[in-house]
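Visitor: Spelled out, the chains give:
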Amino acid sequence: MTTVEMPPARSVPEHTGSRLTRALGGAVLVTWTLWLLWGLVLSPADVVQHESVRLFYLHVPMAIMSSVTFSITLIGSIMVLRNGSVFWDLMAGVAAEIGVMFLGLVIATGAVWGKPTWGTYWEWDPRLTTAALMFLVYLGYLVIRRLDMDPVVRARRAAVFGIVAFINVPLTRFSVQIWNSLHQETTISLTDTQMDGAQLTSYALGMLAMATFLAWLLVHRFRVAWLEHAMDESGLEKLIRDRRAEGAANEPGGVR
Amino acid sequence: MTDDHALDLSPRTDGDAPAPTPGSRSRLTWLALGGIGLAIAFVLWQALTSATVFFYNVDEAVARQAELGDDTFRMQGTVVTEAVIAEDGSLEFEIGFDGERASIVHVGDEPSDLFEVGIAVVVQGRWEDTGSFRSEQILVKHSESYEAENQDRLTTDPSVDYDS
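Protein chains in written order, with the working numbering: chain A, 1 to 256; chain B, 257 to 420.
Read the hints as simulated data drawn from the structure, not as lab findings.
Treat the hints with caution; some may be incorrect.
[Stated by the list, open to error] Stretch by stretch, here's where chain A covers chain B in the computed footprint (C-beta under 8 Å, at least three residues):
1) 280 to 290
2) 293 to 302
3) 306 to 319
4) 389 to 400
Note that the Cβ used here is the ideal one computed from N, Cα and C, for glycine as well.
Could you put together the complete structure from these sequences and hints?
Guide: The following block contains the structure:
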């Protein structure tokens with residue numbers, strides 16, 4: 001066995017947890033319990049949509065959280081172009097990852113909700129179409145962040161893409177007003193709420209549950225990304241990969 | 257120095273699981289990007305051909321009846337009459353929007369359970385020579401308002417005299 005002696009490790013954390021994330025984790029457990037209890041058991045069904053209204057308490061908060069994460073990506077992208085901030089580059093990337101996850105779930109729960117209400121899982125309606133486009137564009141953004149090129153150039157290109165991609169957020173949000181859409185218009189806004197008290201409480205708990213979950217996820221994922229970045233910076237991973245490839249090529253039958 | 261600080265750098269000999277090379281990983285990334293680009297192009301095509309004019313309201317569709325001919329399109333309106341099942345099994349009802357009405361003869365799958373008088377629907381089909389609209393699909397377009405079931409039922413039931 002070939003071994004090299006490594007210097008004693010610097011104070012690298014063994015996990016991404018901290019007092020903050022434990023507090024956030026506790027808040028996630030509490031808010032999710034209250035939300036599930038209220039949204040699935042205690043709140044009444046809807047006069048028109050009956051039990052399927054409960055999907056509202058999941059679908060809408062997730063949609064709003066995906067917009068929040070894409071806004072973080074926008075801010076991060078601007079900061080990268082302004083001062084080349086590594087912190088904001090990583091933050092923009094992890095926010096987009098979480099946003100794509102949320103948006104994927106929004107599209108999936110929307111399809112599940114669409115069948116009993118509209119009578120179809122999917123239609124090329126303006127809201128659904130712009131949401132699908134947004135999902136693909138941010139997926140593309142994540143792939144651009146994986147391209148094999150100089151990290152600084154890649155970060156700047158991703159930042160430009162991250163700014164342009166944000167056009168999708170208001171486009172999707174206002175698609176139901178701009179075009180004729182099968183999708184309902186806004187139920188809750190700053191000036192108007194078209195929902196009853198008990199249902200509104202379920203929605204508010206859903207928002208709280210998703211917001212704490214997003215914060216918890218964002219901190220953990222950012223810390224992982226920061227450690228990955230530190231590892232890439234050290235170049236150790238590349239050295240190990242080259243060394244192993246060299247060993248495999250020297251084996252009988254190996255590629256030379 | 258303990259073994260904790262020793263890093264195994266032995267060459268891999270298992271030919272079954274070669275480490276991915278930077279070149280192959282890069283090719284895969286570009287392939288993924290190309291696939292996403294194609295998917296975006298497809299969605300944009302759908303957006304331009306279908307999503308921007310997802311439906312006409314009844315008054316618009318009636319006004320454009322001659323222009324639309326026997327083209328397939330979608331029309332939106334509120335159900336204004338009870339649906340009646342005709343002898344041939346089709347569902348007949350009327351929808352209205354902004355003072356205009358259209359007679360619908362639906363021959364496709366049953367609409368969702370939310371279908372009833374007073375709810376907005378989007379029907380897909382075409383005008384017939386008879387002047388009615390032959391529908392093959394009914395989508396129920398529920399409103400953005402929500403109201404709890406059974407809320408305040410005891411205080412709003414007009415048949416109950418709460419003072420006695």
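Visitor: All the hints need checking, so say for each whether the structure fits it.
Guide: Hints, one by one, checked against the model:
Against chain A, the stretch 280 to 290 of chain B contributes 6 residues with a C-beta closer than 8 Å to a partner C-beta. That satisfies the three-residue criterion, and the hint holds. With 6 residues having a Cβ less than 8 Å from any Cβ of chain A, the stretch 293 to 302 of chain B passes the three-residue criterion, so the hint holds. Remark: the stretch 306 to 319 of chain B is confirmed as covered by chain A, as 8 of its residues place a Cβ nearer than 8 Å to a Cβ of that chain, reaching the required three. Evaluation of the coverage hint for the stretch 389 to 400 of chain B: fulfilled, as 8 residues show C-beta separations to chain A shorter than 8 Å, against a requirement of three.
Comparing the model with each earlier hint shows no violations; every hint is respected.
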